[in-house]
Amino acid sequence: LAKTTQPISMDSYEGQEVNITCSHNNIATNDYITWYQQFPSQGPRFIIQGYKTKVTNEVASLFIPADRKSSTLSLPRVSLSDTAVYYCLVVNTGFQKLVFGTGTRLLVSP
Amino acid sequence: EPEVTQTPSHQVTQMGQEVILRCVPISNHLYFYWYRQILGQKVEFLVSFYNNEISEKSEIFDDQFSVERPDGSNFTLKIRSTKLEDSAMYFCASRPGLAVTDTQYFGPGTRLTVL
Chain A
1 LAKTTQPISM DSYEGQEVNI TCSHNNIATN DYITWYQQFP SQGPRFIIQG
51 YKTKVTNEVA SLFIPADRKS STLSLPRVSL SDTAVYYCLV VNTGFQKLVF
101 GTGTRLLVSP
Chain B
1 EPEVTQTPSH QVTQMGQEVI LRCVPISNHL YFYWYRQILG QKVEFLVSFY
51 NNEISEKSEI FDDQFSVERP DGSNFTLKIR STKLEDSAMY FCASRPGLAV
101 TDTQYFGPGT RLTVL
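Chains as they are written, first to last, in the working numbering: chain A, 1 to 110; chain B, 1 to 115.
Calculated from the structure, these hints are not laboratory results. Where is the CB? At the ideal position from N, CA and C, for every residue including glycine.
Computed list of lysine-lysine pairs in DSS-like fashion (alpha-carbon distance at most 25 Å, straight line):
# : chain 1 : residue 1 : chain 2 : residue 2
1 : A       : Lys69     : B       : Lys42
2 : A       : Lys54     : A       : Lys69
3 : A       : Lys3      : B       : Lys42
4 : B       : Lys57     : A       : Lys3
With the Cβ distance kept under 10 Å, some of the chain A side facing chain B (calculated, not the full set):
#  : residue
5  : Tyr32
6  : Gln38
7  : Gly43
8  : Phe46
9  : Val91
10 : Asn92
11 : Gly94
12 : Gln96
13 : Lys97
14 : Gly101
Whenever a hint applies, use it, and build me the whole structure from the sequences.
So, in structure tokens, the structure goes:
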């Protein structure tokens, strides 16, 4: 499974756009990139998933360059309630489990 | 929106005791999981379950652990003889289809405290 590297923490203010970049240099052809969010004392929650280029849903956008060695989760206009840990995961179609890293702790301030 | 539910929310037990953590996955989901998260650490995969048998398990999931789907709705994790290091949040998850890229839906977790 490809290893992921993302910043340990990020700070932002309400209303700003937040971009969290994840590096996955050893990503394989049949790997997908998935992002989860986790609030304290809660289970992880799926945010978005993509294979290449750009994916957008009602919560976030995911940008994946052509070489797929990195990806960027973009959260538009964050609010205080977006304070959480964000995990970048590489999901391999040959494995049934999710492998979590340490994630990025995002703190949104007023 | 359907949710994964887990009971109890918090379980306190003495070292050496058996505990059973319970989960009700989302109806019609096919794959079931247990993960754990020791305080301040990563979420770790324990086991996946499909078609009434274990699909994959991690090194953590040793002989002290077992899983069962006793009926059409519940999915349980049993720890036979708890150790102090078993103290953690235990998350159940379920997935609707066979594709690993299908979203996994996590429950709220059970906090297990072993004294």
